[in-house]
Structure formats: structure tokens, C-alpha cells
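**Q** Modelling step: build the complete structure from the supplied sequences, incorporating the hints.
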Amino acid sequence: MSADLRTRYLGMELANPVVPSASTLSSRIDTLRRLQDAGASAVVMQSLFEEQIEREGLEIHLVLERGTESFAEALTYLPELEDYNIGPEAYLRHLELTKRELEIPVIGSLNGSSPGGWVRHARLIEDAGADALELNVYFVAADPNLTSSEVEQLYIDLVAAVRSSVEIPLAVKVGPFFSSMANIARRLVEAGADGLVLFNRFLQPDIDLATLDVDPTLHLSTSEELRLPLRWVAILRGRVDTSLAATTGVHTWEDAVKLILAGADVTMMASALFKHGPEHVTTVLDGIRTWLDEHEYESVEQAKGSVSQAACADPVAFERSNYMRAVVNYTSVYDWRAAPIEPRT
Amino acid sequence: MIAGQGDLLPVSALPVGGAFPTGTAKWEKRSIAHEIPIWDPFICIDCAKCSLVCPHAAILMKVFEPIVADQAPGSFQHKEWRDRENPGLWMTIQVAPDDCTGCGVCVDVCPAKSKEEVRHRSINMEPKAEHLEAERANFAFFQGIAPPDKRDVKVASIKGSQMLEPLFEFSGACAGCGETPYLKLLSQMFGDRILIANATGCSSIYGGNLPTTPWSVGRDGRGPAWSNSLFEDNAEFGLGMRLAIDHQAAHARELLTELASEAGPDLADELRSADQSTEAGIHDQRKRVADLKRRLEPLESYAARELLSLADALVRKSVWIVGGDGWAYDIGFGGLDHVLATGRDVNILVLDTQVYSNTGGQASKATPRGAVAKFATGGKAVGRKDLGMIAAAYGNVYVGQVAMGADNAQTVKALAEAESWHGPSVVIAYSTCIEHGIDMSTSMTHQGDAVKSGFWPLYRYDPRHEKDGDRPFQLDSRRPSMPVRDFQAKEARFAMLARSRPREHAELQRLAQADAEERWHFYEQLAGVERHPPGHLEDHEGRAEPPAEEEEVEP
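Protein sequence lines, in the order shown, are assigned to chains U and P.
Just so you know, we're using this note's numbering here: the first sequence kicks off at 645 and counts up by one.
Just so you know, we're using this note's numbering here: the second sequence kicks off at 115 and counts up by one.
Don't take each hint at face value.
Using 25 Å as the maximum straight-line C-alpha spacing, the simulated SDA-like pairs for lysine to any residue come out as follows [unchecked claim]:
(1) Lys604/P <-> Asp838/U
(2) Lys479/P <-> Asp600/P
(3) Lys604/P <-> Ile851/U
(4) Lys140/P <-> His245/P
(5) Lys604/P <-> His863/U
(6) Lys604/P <-> Leu702/U
(7) Lys743/U <-> Glu142/P
(8) Lys604/P <-> Asp857/U
(9) Lys604/P <-> Glu724/U
(10) Lys242/P <-> Asp212/P
(11) Lys268/P <-> Gly258/P
(12) Lys604/P <-> Lys743/U
(13) Lys604/P <-> Glu694/U
Estimated spans, in silico, between C-beta atoms of each pair [what the hints assert, rightly or not]:
(14) Glu898/U <-> Glu231/P: 41 to 49 Å
(15) Glu938/U <-> Asp553/P: 28 to 36 Å
(16) Leu853/U <-> Pro616/P: 34 to 42 Å
(17) Gln257/P <-> Leu847/U: 22 to 30 Å
(18) Ser228/P <-> Leu847/U: 21 to 29 Å
(19) Glu231/P <-> Glu733/U: 40 to 48 Å
(20) Lys919/U <-> Asn200/P: 53 to 61 Å
(21) His705/U <-> Ala455/P: 46 to 54 Å
Selected chain U positions facing chain P (in silico; Cβ < 8 Å) [to be verified]:
(22) Gly711
(23) Thr720
(24) Ala734
In case anyone wonders, no lab produced these hints; they're calculated from the structure.
Don't be surprised by glycine CBs; every beta carbon is placed ideally from N, CA and C.
**A** And the structure:
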């Protein structure tokens, strides 16, 4: 009998631990259907960016009004359109449609920019029928006058405010840049998060050597990036009582199995789906199932967290001493004393 | 009139014949910019792009002898002009602080960036209040610096054209206007011998917003003669100018034959057969005409008086028929086609904003597929009319499709080639407009994306096919390297459809991409097509006169 892939995430029972993470993959209903057909157990919608909506609204207003302050031959220069949508309506209608069309749970995703905006849009996403909400907290603390405790408090206040305004389960997606990741994780859960999504991938700007422009484009992740969420899922599993989703660097079934063993309730992927198409979900699920079967695991629940820091044979391996041991291993293999020395001539 | 009391003027105060003084926009001094461009000579690379692209002729370049700077105010900046052929000269870039609109286009195109701080360019927007006094003094001094002798300048180059005085300056066009840089360039290249027939539209408004006009005269008193008739008859209006000049020149030559002994047989011969294909040739002809006038002055005969009044027609004139796409593609198209079919030496400049700009953004046949405009609020369903190919079909019509912001040099080259072709020429110039819904400070650099996406290929169809054997069509831009949607995403005219009708937007975007690919494929094939357009009588002497056989009279 094949292993039971079911898992619990944010209080929801999901058919398996493979969930497409927030990306533009969710912008088309036919892609979403393909993801569902391929076996995705839930889907996280593309993020609603409050700041983008506000700026677009201002820009469009600027464009429509340009030149109209003068009394020339024309009073306006672009047509006035009816049903002009510059608010979050398109996002919400798409969410409603997705909810109607799919059978799997649909998780809304929100990136706010103001305290009021977070709460307002969270309610709108809930009203549109989302089964859960993921807060995509995207904040680069670049202000030298802002202390780390103030930054953390911003996160806590935000989660508390949204928690008190919506009923649906709440996940919080954060980046890894906290001095005390474990502590902020605990406090986010205390503030009302039902789950943590580890980690947000910040746009890492690049510099274009031809133009000297800063290029903020996002490149697809690789499996190499898995190590960061792997470590923190392993550390937090059993220490913080919450759902854990791992994202960033999840490309193969091996990646997914490792995260499950470390303690992830679900593994989220986007880059791999962009590369290989929505049907890649099936390949990953087949791989997870085969591995569990071959290693005689009954279920995902059984394997989940079995190699977490709390459960593994060598807990310190997930902490700092890991680095020292790696260095020792490296030097023992590539011992400079063993290197051949060219005779001087 | 400027004071708003034009109604108090009696009819008798208006000029007889309707001619108004030119060069009057400079008196308006609207001083509307909050920030103006300030030049940093230490990193300038002498490219002259800032001057080229300025829609208001408010950033200017001059090259001069170092001694000129002796009298300059202390704040006046200059640097060495790097030119191997003419060493030892200095140059300066100067803002006209009260005429600048603060659009920022000059800064956007400046390629020189500081090695220490890349955002600092050789030209930077800075608060006007901090610089106004000094820049007013600098500009006053700058205006006194004499322009170079046109004979010594490579007119058909970016740097060369920008050394010359703009004879179109300080118009009231929108900040960042994409049309006016072409007219300014035209005035620098040929302004001393140009007649302009202007269709009604934006260019007739900023071109002749009575009582002022940005069309100006140079130090030698020469400048464009400009008139606006109507919207629908502009091509014919310009053709009329051509016919009139040709007729005057032909009659002047007749009279010259008749008066050869009075004028001097050698001078009469030279006047009739002068090579005016170069600036030096035109300069020499002007000298001959001045000579002729001196000799005719004391003569009393009717023929002598008549020749005296027509003598200037012996100098080559350049007729430009200017208008927007509403005129050229739609309302004036019948006339435009008629003029092309005559084979006459006229140049047509289409300032193509792809929409009726002045009247508030109505769709024209130049409006691209998917763009939202009035009468096309659901996004234009069909593609643009290819005016260039219609014109090129004649075989003997020079056609250039240009975008100054994408390729400065190709624009300059196309204008020069069009002007030198002794037959009809059409230059279709991509002109950014506030109605595209773009950030107008990127008015020029955004044109790069128009070309890169294949939305606006650059080409020249030259019936002379001198360089390339028998293939008159030359594709000047590179194979498209970005999706059309990336170009369109920066323009509200396309992007707004995504907000109002997302489904149609997606479909029109798909078709717009297909349009671009299909057009490129078509042009690529054209670039290999041989043609031998017959029927045009080349004037190998380089004379301004077209093969107007009926006007030629044997001596």
C-alpha cells in the first residue's frame, strides 16, 4: 500500500505537501487548473501589492489629467473609460473565480504598505472567498535609525491587527534577516499567526555593467537555496507550535522530502514550475511517494520532522558548529600538505 | 496681443498680406521650470545629444575660439572641444533658464556619467532659483557668441548640426514634446533656405501661436518662411510654394539670358549653372546674387527691375511640408498622394504621434493596434497604415522612417538625404506625445524601446541607391530584441485597456506582437529587393531646380 501523503497546514487537511507558492502562475485560470490536475494540494495566489495599486492609481490619474488644466482646443487627451479598474477589484474578482473553478483550497496573498491597507485588503480577500491568507511581509530595513526591536514590533503589530480583523487561517511569510529568527517566529505565532512561510525571497538588485543601472529583476531560484529554509524548518519544528511551510529552492522531489523530514507541513515551489511547467507537481509527488514507500514510511505525517533538530541524531549539526566541522572536513580532504610541490628551477 | 488686448487693435494695425515678424517666442519668457539643467563640463564628452533632443531649444551648444571667453561672466563654463581636425577650440553647453520647461529630456539622454556617482551626469536638473541669476548672465553672453561658418560644419551630423543656430526656438509646445526636436533640427540644417507649409495641428499651434512664433532668423537675417493654410490642403499648399519658386527661378534665368551683357556674361553663366549641392556652393551662389543685384540696381529697364525682385530665387530653396499623422494619414492623405505623384522636389515631414494630438487624442489611421484613443476606447482593433510603404511604392519617392530618440544619426542622415533628393521625399518621424501616457522625461529614451521591440523599425528607401547597388530599401534598426508588450507596458494608451477590458487587451497585445513580427519579416525581404525606378531626370549638376521641362527655355 502506498504511503499516505496527507498533511495538515493552517488547520486545513491537504491531500499532499506540494503547494505552488505565490507567483504569476496563479494569474491564469487555465494554469491553475493544470496545477490542480497535476496534484497540487492547494494554491497560493499571486500577492496583492497595495503600494503598486496605489501608485498605479496615482499614475493613471496623472496621465488622464495631464494638460487638462489649460483651456486649449482639447479639454482631455485620453478617453474617459467606464468601469475603469485601478483598485484591487481585478485581483478580488480573479480570486473569486479561482475559488469557484478549483476544488483545492485557495490561499490569498497580501503585501500591504500601510497599517490600514493591510487590514482593509485582508478583509477583502477573506470576503472574496479565500480559504486562508498569507501575509507577504516584504520589508527591507534600510533606515539606520530604526532598531531591530522596532522592526520586529512592526511585524508583530501588523500580524495582530490582521488577526483581529479576519477569521480565516493566517500564515506569515517573512525573510530570514532577523537577529533572532527563533524568537521572532515564536512572537509572530503568539501575535496570531497560524503558520510561518520560510522564507520570502527578496528581489536582489543587480548592477548592469553596460548601463550602470540597478537591475531589480528576480531570477529563478536553484536547489542550492534550499539550505536556508531547511535549517530553519528543522530548528523551529517542535519548538514553535505552528504550521511550517518551506519555500525557496524547492525544485525536486528530493528537496521536498528533505523539507518534510526537517519538519515542513508543506513545501512550496514556483521557480521549478516556471522551468518545467505545472505538470512538474506530479513528478515531485511521485518522487515523494516512491521514496516514502521504498523507505517504508506509512505517511508524510510519520516522516514529518523526523530529522528536525529536536529529533535528529546530531542536533548541533543545524547550528553554528556545523560550519566548523565543514571546514575541518574540507581541509582534511584537500590538505595543502598533501598537494604536490613543483620543484623550483 | 500678448497682453490679451488684441480685440482693441484696429484692422489697420494688422500687417498687410498677413506676414508677421518671426523670432518672437523669445519675448515670452514664461520661466515655468522649477528645475533647470546645469552643465558639468568636467565629464562632458561633447556628444551634443542634450542640445539635439531639447524640445524648446533651451539647451544649446556652441564651439568657439578661446579668446571669445575672455569677456565671459565668471560663472560661464566651457571646456576644450575635442576635434582632431580643428584643435584648440572651446565649447559650452548653455541653458536658456527662462525658456526651459524643466522636462528633463536632456538629462535622460546624457550618456556621460560621473565615475564617482553614476546618477550625476554631465547635465543635471537643479533648482532654478539657485542658478537663475548666473544662468541669465551666462545665456546673455552665450547669445553673443557667433555661430560657425556653415561651410566649415558637417551639417549632416549630430555635432555639426548642433553647432548651428536653431531657427526654431522657445515654442509653447508641451514639456517633453516629441515633435519639436525634429523641427528644431530641421531649422538648424536648412533653416537659412527653407519654406514650410504647415498643416493645422499641434505644429501649427506652437509654430504660429499669434502674435508670437518660434520660427526665427539667424544673424545673417535668413530664416524659415512659414505658413499654415488649412488642415486638409497642406501638401498642395507646399507644392504651390515649390511651383512658385521654380517658376520664379525659371523666369529669373530667362531674364538673366536677356540681360547677360548688363549682368556680365560670366556671372550670368555662373548663376545659371552653379552647383548648389553643398553649403559652399549655396554660399557662392548667394554672393553671385548679391553681385547681380548690385549690377542691376542702377538699371531702369523693366526686365532689370523684374530680375532684381526675382534674383533670390536663383539660390536653392528647400520646401518642407510639415504636419501630423491626422493630416498625412487621414485628412490630407489625398493631397499628399497627389503631391508625391508629381515627382516635384518637396520634402514631407510627418510628425507621427499616432493620434490627433491637438484636438484631444482621436484615433487616426496611424494609431497602432491595441492603443486606446477617442473613437477607439476599446483599443484600436486594426493595425497602423504603412504610409512609408505606400510612398515607396512610387519608386522615385525618398522615404525615411526615423525615431530621433532611438537613433540620432539615422534621423540626421534621413533628413539630409530627403533634402538633397531632387524629387519628393517623406520622412515619418516617431513623435512621443503626452497622449501616449508616458513619463515625458523619457520622451527620447523610450523611443529606443519602440525600435527595440520592432514596434517602429527604422529604414530609408533612397531611389538613388548609391551605396547598395540596386537595393534602395535599407533597414537601419536591428532585429527586434524585446517583446512589444514590454514597450507597451510603459504607455498608458495601451496599459489602460488592461484595466478596462483585460480580455481584449490580451488578444490585441498578441496581435500587436504578430504585427511587429510580420512587418519585420516583410521589411527584411524588402531590404533584398532590387529596383530600378526610371522616370526621374537626375540633375547631375546638383541644381535646385527639378526637371521642370516646360519651364526650361533654351537660350
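**Q** Decide, hint by hint, whether the structure agrees.
**A** Results for each hint:
{"no.": "1", "hint": "Lys604/P <-> Asp838/U", "verdict": "violated (40 Å)"}
{"no.": "2", "hint": "Lys479/P <-> Asp600/P", "verdict": "holds (23 Å)"}
{"no.": "3", "hint": "Lys604/P <-> Ile851/U", "verdict": "holds (22 Å)"}
{"no.": "4", "hint": "Lys140/P <-> His245/P", "verdict": "holds (20 Å)"}
{"no.": "5", "hint": "Lys604/P <-> His863/U", "verdict": "holds (22 Å)"}
{"no.": "6", "hint": "Lys604/P <-> Leu702/U", "verdict": "holds (15 Å)"}
{"no.": "7", "hint": "Lys743/U <-> Glu142/P", "verdict": "violated (62 Å)"}
{"no.": "8", "hint": "Lys604/P <-> Asp857/U", "verdict": "holds (18 Å)"}
{"no.": "9", "hint": "Lys604/P <-> Glu724/U", "verdict": "holds (19 Å)"}
{"no.": "10", "hint": "Lys242/P <-> Asp212/P", "verdict": "holds (9 Å)"}
{"no.": "11", "hint": "Lys268/P <-> Gly258/P", "verdict": "holds (22 Å)"}
{"no.": "12", "hint": "Lys604/P <-> Lys743/U", "verdict": "violated (32 Å)"}
{"no.": "13", "hint": "Lys604/P <-> Glu694/U", "verdict": "holds (20 Å)"}
{"no.": "14", "hint": "Glu898/U <-> Glu231/P: 41 to 49 Å", "verdict": "holds (47 Å)"}
{"no.": "15", "hint": "Glu938/U <-> Asp553/P: 28 to 36 Å", "verdict": "violated (58 Å)"}
{"no.": "16", "hint": "Leu853/U <-> Pro616/P: 34 to 42 Å", "verdict": "holds (37 Å)"}
{"no.": "17", "hint": "Gln257/P <-> Leu847/U: 22 to 30 Å", "verdict": "violated (49 Å)"}
{"no.": "18", "hint": "Ser228/P <-> Leu847/U: 21 to 29 Å", "verdict": "holds (26 Å)"}
{"no.": "19", "hint": "Glu231/P <-> Glu733/U: 40 to 48 Å", "verdict": "holds (43 Å)"}
{"no.": "20", "hint": "Lys919/U <-> Asn200/P: 53 to 61 Å", "verdict": "holds (58 Å)"}
{"no.": "21", "hint": "His705/U <-> Ala455/P: 46 to 54 Å", "verdict": "holds (47 Å)"}
{"no.": "22", "hint": "Gly711", "verdict": "holds (6 Å)"}
{"no.": "23", "hint": "Thr720", "verdict": "holds (6 Å)"}
{"no.": "24", "hint": "Ala734", "verdict": "holds (7 Å)"}
Of the numbered hints listed earlier, those contradicted by the structure are 1, 7, 12, 15 and 17.
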